[in-house]
Amino acid sequence: MAALVIASHPASGRFEIVTKSAEVNTLLVPSIARRAVARALPAALAGTNVEGPPTSTPTVNLRAFSFGVVETVTGMGVPNTRVGQWYPRVMYSVRLHSSYMTPEPSSHEPILAVDVGGTFTDLVVWDGRALSTGKTSSTPEDQSVGVIVGAGELLDGSVSRFVHGTTVATNALLERRGARTALITTEGFGDVIEIARQDRPSLYDSFADPAPPLVARADRYEVSREEPGTAIVGDSIMDADAIAVSLLYGYEHPEDEQAVEVALRARGVTAPISLSSSVAPEFREFERTATTVLNAYMAPETGRYLTRLSDRCAQEGLPREFQVMRSSGGLINVVEAAKLPVSILLSGPAGGVVAAAALADSLGTSQVISFDMGGTSTDVCRIDDGRPDVTYERAVAGYPCRMPSVAIHTVGAGGGSIGWVDGGGSLRVGPRSAGALPGPAAYGRGGTSPTVTDANVIAGRIAAGAELAGQLEIQGDLAWEAVRTIAEPLGMGTSETALGMLTVVEEIMSGAIRKVSIDEGADPRGSVLVAFGGAGALHASAVAKRLDMRSVIVPRFAGVFSALGLLLSPPRIDLSRSIVVSGSSGMSTLESVGEELAAQGYQRCRAMGAHVDEVRLLVDARYVGQAHEQAVPYAVGDRWDRIAERFHIRHHERNGFSRPSDSIEVVTVRCETVGRPAMTWDDIPAAVPSGEPVRGSRKVLAGSGETSARVYRRTALVPGTVVTGPAIIEEEEATTYVDTDDRLEVLDDGSLELIW
Numbered sequence: 000m001a002a003l004v005i006a007s008h009p010a011s012g013r014f015e016i017v018t019k020s021a022e023v024n025t026l027l028v029p030s031i032a033r034r035a036v037a038r039a040l041p042a043a044l045a046g047t048n049v050e051g052p053p054t055s056t057p058t059v060n061l062r063a064f065s066f067g068v069v070e071t072v073t074g075m076g077v078p079n080t081r082v083g084q085w086y087p088r089v090m091y092s093v094r095l096h097s098s099y100m101t102p103e104p105s106s107h108e109p110i111l112a113v114d115v116g117g118t119f120t121d122l123v124v125w126d127g128r129a130l131s132t133g134k135t136s137s138t139p140e141d142q143s144v145g146v147i148v149g150a151g152e153l154l155d156g157s158v159s160r161f162v163h164g165t166t167v168a169t170n171a172l173l174e175r176r177g178a179r180t181a182l183i184t185t186e187g188f189g190d191v192i193e194i195a196r197q198d199r200p201s202l203y204d205s206f207a208d209p210a211p212p213l214v215a216r217a218d219r220y221e222v223s224r225e226e227p228g229t230a231i232v233g234d235s236i237m238d239a240d241a242i243a244v245s246l247l248y249g250y251e252h253p254e255d256e257q258a259v260e261v262a263l264r265a266r267g268v269t270a271p272i273s274l275s276s277s278v279a280p281e282f283r284e285f286e287r288t289a290t291t292v293l294n295a296y297m298a299p300e301t302g303r304y305l306t307r308l309s310d311r312c313a314q315e316g317l318p319r320e321f322q323v324m325r326s327s328g329g330l331i332n333v334v335e336a337a338k339l340p341v342s343i344l345l346s347g348p349a350g351g352v353v354a355a356a357a358l359a360d361s362l363g364t365s366q367v368i369s370f371d372m373g374g375t376s377t378d379v380c381r382i383d384d385g386r387p388d389v390t391y392e393r394a395v396a397g398y399p400c401r402m403p404s405v406a407i408h409t410v411g412a413g414g415g416s417i418g419w420v421d422g423g424g425s426l427r428v429g430p431r432s433a434g435a436l437p438g439p440a441a442y443g444r445g446g447t448s449p450t451v452t453d454a455n456v457i458a459g460r461i462a463a464g465a466e467l468a469g470q471l472e473i474q475g476d477l478a479w480e481a482v483r484t485i486a487e488p489l490g491m492g493t494s495e496t497a498l499g500m501l502t503v504v505e506e507i508m509s510g511a512i513r514k515v516s517i518d519e520g521a522d523p524r525g526s527v528l529v530a531f532g533g534a535g536a537l538h539a540s541a542v543a544k545r546l547d548m549r550s551v552i553v554p555r556f557a558g559v560f561s562a563l564g565l566l567l568s569p570p571r572i573d574l575s576r577s578i579v580v581s582g583s584s585g586m587s588t589l590e591s592v593g594e595e596l597a598a599q600g601y602q603r604c605r606a607m608g609a610h611v612d613e614v615r616l617l618v619d620a621r622y623v624g625q626a627h628e629q630a631v632p633y634a635v636g637d638r639w640d641r642i643a644e645r646f647h648i649r650h651h652e653r654n655g656f657s658r659p660s661d662s663i664e665v666v667t668v669r670c671e672t673v674g675r676p677a678m679t680w681d682d683i684p685a686a687v688p689s690g691e692p693v694r695g696s697r698k699v700l701a702g703s704g705e706t707s708a709r710v711y712r713r714t715a716l717v718p719g720t721v722v723t724g725p726a727i728i729e730e731e732e733a734t735t736y737v738d739t740d741d742r743l744e745v746l747d748d749g750s751l752e753l754i755w
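Mapping to numbering that gives the first Met the number 0: the sequence shown position 276 is 275, numbers consecutive.
Hints may be right or wrong, so weigh each one.
Claimed, not checked - Using 16 Å as the maximum straight-line C-alpha spacing, the simulated EDC-like pairs for lysine to aspartate or glutamate come out as follows:
id: 1; residue 1: Lys544; residue 2: Asp740
id: 2; residue 1: Lys698; residue 2: Glu495
id: 3; residue 1: Lys514; residue 2: Asp388
id: 4; residue 1: Lys544; residue 2: Glu752
id: 5; residue 1: Lys544; residue 2: Glu594
id: 6; residue 1: Lys544; residue 2: Asp522
id: 7; residue 1: Lys698; residue 2: Asp738
id: 8; residue 1: Lys544; residue 2: Glu315
id: 9; residue 1: Lys698; residue 2: Glu729
Derived by calculation from the structure, the hints in this document are not laboratory data.
Just so you know, these numbers come straight off a predicted model, no measurement behind them.
Please take these sequences and the hints and turn them into a complete structure.
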């Protein structure tokens with residue numbers, strides 16, 4: 000793999016090639032500087048320095064920050080796989096659902112955001128004046144097909160940028176479709192991923208087994224601690240599809256892991272190699288190794304998908320160099336996403352959290368819980384003072400992932416979740432889902448299992464004959480037939496069973512909210528539930544009332560809210576490094592590491608073509624001898640006692656107590672570099688209500704029995720309108736159910752507020 004280091008002067012725009020290689024095939028650089036670098040490259044390879052034209056947004060002086068490697072890649076780390084033929088066009092294509100325009104035109108070039116869900120793929124286009132939305136069916140066999148089909152139907156012309164939320168990395172892990180992975184580690188540590196922490200996955204279930212290791216024992220190789228780069232590894236490693244390298248103290252001595260990679264490449268290894276010093280340069284041997292293995296396991300599948308999508312984008316006139324949503328709530332370029340798939344495990348849901356935080360900030364609401372109910376799952380996250388709760392370690396499918404992510408909790412409860420009867424004769428719902436194909440029975444695609452969507456059709460909350468995703472017509476008779484299959488063994492009526500399914504799934508979702516609030520020491524009773532996703536507003540009121548929450552807000556564009564969140568998300572770089580500082584005597588080390596991470600984050604964010612808005616530093620601190628840390632803000636120049644004070648406050652908030660007289664220590668420094676997003680909440684065009692709001696009425700099933708509910712068109716509701724339940728608010732992308740005792744008011748920004 001060839002590499003160049005390019006230094007530039009911010010004022011003159013002069014590019015200087017610091018190192019060169021005659022093997023350069025492709026140079027992937029931010030589009031903002033592509034022309035200048037292209038002019039500089041030929042002369043640079045000849046060994047000369049050239050002058051390039053100033054760019055509109057000059058890049059940072061890379062040499063000043065001692066960082067700036069721009070790598071050339073082929074197939075984003077994996078062989079470039081081209082598909083010989085397209086999958087058949089999906090049965091139900093996208094349709095332009097809505098278009099809102101600002102009064103004044105803008106020179107803003109169009110930006111496309113696409114979020115792939117389990118059932119539908121959501122699309123939003125913003126050109127500085129108009130905001131257009133649409134949906135299409137997801138294509139689980141290859142998500143890129145749905146992306147390209149949806150974009151082709153929605154777009155009228157070209158776009159300048161493309162941002163993407165995907166579940167491809169998550170699916171590769173959940174479905175165990177990852178690569179055959181080899182692990183190279185220090186002698187005596189080959190079993191660390193299997194020994195783990197010896198925690199039981201379920202405290203009171205002696206039959207519950209931990210997740211099996213992703214690397215077979217035969218594929219684990221141990222090397223000498225003294226000279227890891229010269230160690231001999233068996234020839235069988237050539238059979239591995241991906242390799243993880245995690246050496247003892249690799250976070251302190253990255254050169255040892257780099258030497259192993261050099262040795263492997265010299266032997267002809269072509270598989271992607273993940274180094275722990277690059278993936279998760281933090282202490283704790285097991286978590287660091289497990290995260291590196293996880294990255295390697297998902298890298299080939301993720302890389303193939305992103306390469307395939309990139310190729311298809313180029314064929315269809317979309318930007319080949321797009322950005323991908325990362326779990327921490329920001330965007331990274333496609334090349335980095337392919338090399339670091341652990342950073343995009345929560346790619347799709349994170350967009351909705353960003354949008355919910357922006358909405359909460361615009362409404363002046365300090366405590367919010369986002370509630371994203373889609374086709375296969377429900378994702379919830381607590382947002383305090385406009386910032387989502389962020390965790391720096393989480394378990395995904397039983398595997399620890401030491402990577403910053405918004406603290407989303409996911410449960411298998413969505414519109415496609417299947418109702419079933421367990422061995423004890425009790426009604427259960429999920430986590431198995433009907434997915435995109437065949438989908439709920441009411442979709443008419445061959446599905447016969449009863450789902451939450453079918454139960455909502457029977458309850459009258461979703462109208463039989465309604466259209467979803469353009470041409471998908473809801474078939475009520477099929478919903479009744481499906482639910483009847485479990486009503487009979489339960490000894491219940493079909494209507495009663497449908498209401499039971501809704502009650503069960505709402506309790507499951509209430510449990511998810513308890514997980515991110517009560518279990519974390521936060522009281523949900525003062526919070527507002529922001530409900531979105533195709534099914535969120537159908538169940539939000541019942542869920543919020545279970546927890547005695549303040550109210551429910553259903554934002555505009557609720558059905559494509561996560562895709563909208565991609566446009567509101569900034570480019571973002573997350574960096575970390577473990578150190579040990581236990582007092583003011585170590586402040587020089589802390590400041591040095593903080594400055595270095597800040598410089599690297601700034602440079603890498605600018606290399607994405609982004610304008611850097613903020614560089615935030617944090618430190619992981621703990622009481623001396625404590626096993627777990629809390630992240631607190633830090634700024635270079637802060638006094639030690641100020642850091643300690645922040646930690647004591649944070650510890651009390653999270654755990655209910657603090658010990659101000661005890662000594663603390665800092666064990667990790669973190670840097671969050673955030674760029675400027677494509678748009679802000681204030682840029683969203685105001686709604687222009689039109690038409691007759693009342694569409695009639697229909698029968699619905701409520702807890703008290705069958706009743707009549709008035710049906711409204713959301714696009715016709717003017718701010719200040721008040722609706723009392725029972726009522727149904729319909730829009731192209733989602734439906735809101737107003738329960739019998741609820742009161743709905745249309746806010747000034749077009750959001751719907753439900754109170755009771």
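16 Å limit on alpha-carbon distance, applied to hinted pair Lys544 and Glu594
violated (47 Å)
Mind checking the alpha carbons of Lys698 and Asp738 for me, to see if they're no more than 16 Å apart?
At roughly 13 Å apart (the allowed maximum being 16 Å), Asp738 and Lys698 satisfy the hint.
Taking 16 Å as the top limit, are the C-alpha atoms of Lys698 and Glu495 close enough?
holds (15 Å)
Lys544 and Asp522 were given as a pair; does the straight-line alpha-carbon distance stay at or below 16 Å?
holds (14 Å)
Starting from Lys544, check that the Cα of Glu315 is at most 16 Å away, please.
Cα-Cα ~47 Å, so violated.
Keeping to a limit of 16 Å between CA atoms, is the pair of Lys698 and Glu729 held or broken?
holds (15 Å)
Hinted pair, alpha-carbon criterion (16 Å max): Lys514, Asp388. Please report holds or violated.
Judged against 16 Å, a Cα distance of about 13 Å means the pair holds.
Straight-line Cα separation of Lys544 and Asp740 no greater than 16 Å?
holds (11 Å)
Decide if the proposed pair is consistent with the structure: Lys544 and Glu752, CA atoms, cutoff 16 Å inclusive.
Judged against 16 Å, a Cα distance of about 14 Å means the pair holds.
Going down the numbered hints, you'll see the structure goes against 5 and 8, while the others check out.
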